[in-house]
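Peer 1: Spelled out from the first residue to the last, the chains are:
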Amino acid sequence: MELRGFQHTRSAVCIQCLTVLDTSSDQVKILQRFDKQDRVRPIIPLGTRGKLHGTTYEVIGFMVRTITVEGVQYSWHEYLLFNPYKGFRYLTTYEGHWNDVVPCHGLPEPATSHGKPARKYLDVVYRHFQNAVAETTFVMGEFPWAVRVGEKVETDDYVAPPYILSSESDKKEVNWSHGTYMTGAEVWRHFSLPGQPPPAQGVFANQPSPHGGKPARMWRTALGLLGLWLVVVIVMGVMAQNKLVFEQTYDFNGRAAALGEASFVTPVFELGGRTSGVDVEILTDLSNNWAVFNLALINEETGQGYDFGKDVSYYSGRDSDGDWTEGSRRESVTVPQVPSGRYYLRVEPEMDASGGMMKYTLRVRRDAPHVGWLLVALPFLLIPPVVTTLRSAAFEGARWAESDYAPS
Amino acid sequence: MLKNPIYSAYSLLLLGAAAFAQWTGFGLSPATRVENVPKSVRENPGVYRSHYAFLPRWFGGK
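Residue numbers (the numbering used here), protein chains in the order written: chain W, 1 to 408; chain B, 1 to 62.
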């Protein structure tokens, strides 16, 4: 067997005879034998060389590790990479997700984040993700420690995407390692591997969110746009003419009107300025009664008219639920896009013939300030940040669904 | 806004359209536009009946 790790290699696996050998001395000893059916073919062959962070590394070892959660086994693969000058690092992979892993150079400090256990390492806080017992289920190649199939360690993963902090502990020691998420395409490029990498399945613990930071940026922009919206509303309000061009109070006798012609026309009034809306407001003194106003705004000069109407009804009383009211004594209609000119109203009120008297006031206002369209636009302004936030939350939900903190 | 150019462009377009519609008084009109209302309406309002007069109505009341 050729040893690629030189004097660093403490154990090596002969894949032909399925044995783990102790290579720490000249007297090579068999440490372990394992079954043929456990054999796994690594997707990156041993001996493959690739460049990571500008340094050439060679794949010298491969192992499969397995955890069991609620009776289901989950396995991931670890590749041991070696450079004679830079030492060891690992590539780990699970369902198409990859991590470039190196041993930690310091001890991460205990911390809390979002009320959950965390660790702080190099000024980054990592939230606890999962605790499990990992068992080595297959080994191949050579390792700088006495590797054994069946070896078990307790693992704890902490995440701060795209980083992951992992501890592996047994009765003798605790080893911390730090991983950085990589895509399969990046691994394939660095190691010049043929074909395509296996597609990534689901969301991995430290996989960077494609929406990372986007919701906050979107909401900051939305805040600016809401400010702009408010400015537009104020400017529109200030610039609107809001001119009362006609106001008159009338008396109406429903019984008398039923016997004759109820319609009449108002004096002519001037609608000036640009083409804009006209508000016609009707204020009545109705009580437990109704009235209908058939109206026409007619241009005296051109004969162009706008027919419209308004029902006004107001009822009130008291029953077992208490006092109640229904309807309103006051109604208004906005006739949009009326060109300037001299106009009058044709008014034809109607009431129940036995309805008695009604006093009402007609008010005509040119270009009253309205925010209808701007109000319609408001929720549409907020749709993009809301959608981005929901998508980001869905991604994070998928991430944490695989953790010890999955919502039940 | 420069960090979200697409969102900003979409929002400015939307806000501009809403402001334009508001400024010009554009709206779903409750009124029926009619041409050539006879001038005699001023002297005899009964010669003209608005379209609204023929619509079915419902009046409230508990």
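Treat the hints as calculated values from the structure; they're not laboratory data. Some clues are possibly wrong.
Claimed, not checked - Ranges between beta-carbon positions, derived for each pair:
1. B:43 to W:383: 51 to 61 Å
2. B:9 to W:107: 46 to 56 Å
3. W:14 to B:6: 54 to 64 Å
4. B:42 to W:255: 25 to 35 Å
5. W:68 to B:17: 19 to 29 Å
6. B:32 to W:287: 22 to 32 Å
7. B:5 to W:231: 14 to 24 Å
8. W:117 to B:17: 46 to 56 Å
Said to hold, decoys possible - Result set (DSBU-like, lysine-lysine): computed pairs, CA atoms no more than 30 Å apart in a straight line:
9. W:214 to B:3
10. W:243 to W:172
11. W:116 to W:214
12. W:243 to B:39
13. W:172 to W:116
14. W:86 to W:116
15. W:120 to W:29
16. W:29 to W:172
17. W:116 to W:29
18. W:243 to W:359
19. B:3 to W:359
20. W:310 to B:39
Model, not experiment: these values are computed from the prediction. Using N, Cα and C, we set each Cβ at its ideal position, and we do this for glycine too.
Peer 1: Could you check the structure against the hints above and give me the numbers of any it violates, in ascending order?
Peer 2: Numbers 5, 10, 14, 15, 17 and 19, in rising order.
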